[in-house]
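**Student:** Sequence:
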Amino acid sequence: MYKLLAAEVTVAGSDKEEHFVVKRLNDEIVEVSIHRKAAATVPAKQLYSRVFHRGETKQIILHGLAGDDTFEVSGNVDESIPVKIYGGIGEDKVIDTSTVTGLKKYTLIYDTYRGNKISFGSETRDMTTDDVRVHAFDREGN
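Under this note's numbering, the first residue of the sequence shown carries the number 26, and numbering increases by one thereafter.
For the record, the hints were derived by calculation from the structure and aren't laboratory data. Only true hints are included.
Pairs of lysine-lysine, BS3-like flavour, derived with a Cα cap of 30 Å:
1) LYS28 x LYS83
2) LYS41 x LYS130
3) LYS118 x LYS130
Work out the full structure: start from the sequences and follow the hints.
**Tutor:** What follows is the structure, given as structure tokens:
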């Protein structure tokens, strides 16, 4: 059962403002963490952290949902796990400084054109659209 669930992993944020950090550590390992930004009465906090292995995980899907989220992707490797980023509703910021050897793009950005700041790197494939249905997320899997 673990192998089935680990093959394609979906990580969802919340309706609040979050900071997603993706680190391509080496050819086999990608680390994903989510942090809540500090607010007036709430301190900053790590909400999620997991290490993914390329032999087990074929794709990582991140959903920012609502809020003005930030996504950072970094690391220089020869091989890696593809990462799909769905910003969600809100004005999101995506920064991809990662590099993976070869022609295939390993960071795919799905969001709307308007209101988002995307810093494209060599690994970024622009999948933005004017269709707001790109924000749809069904937590129940229906």
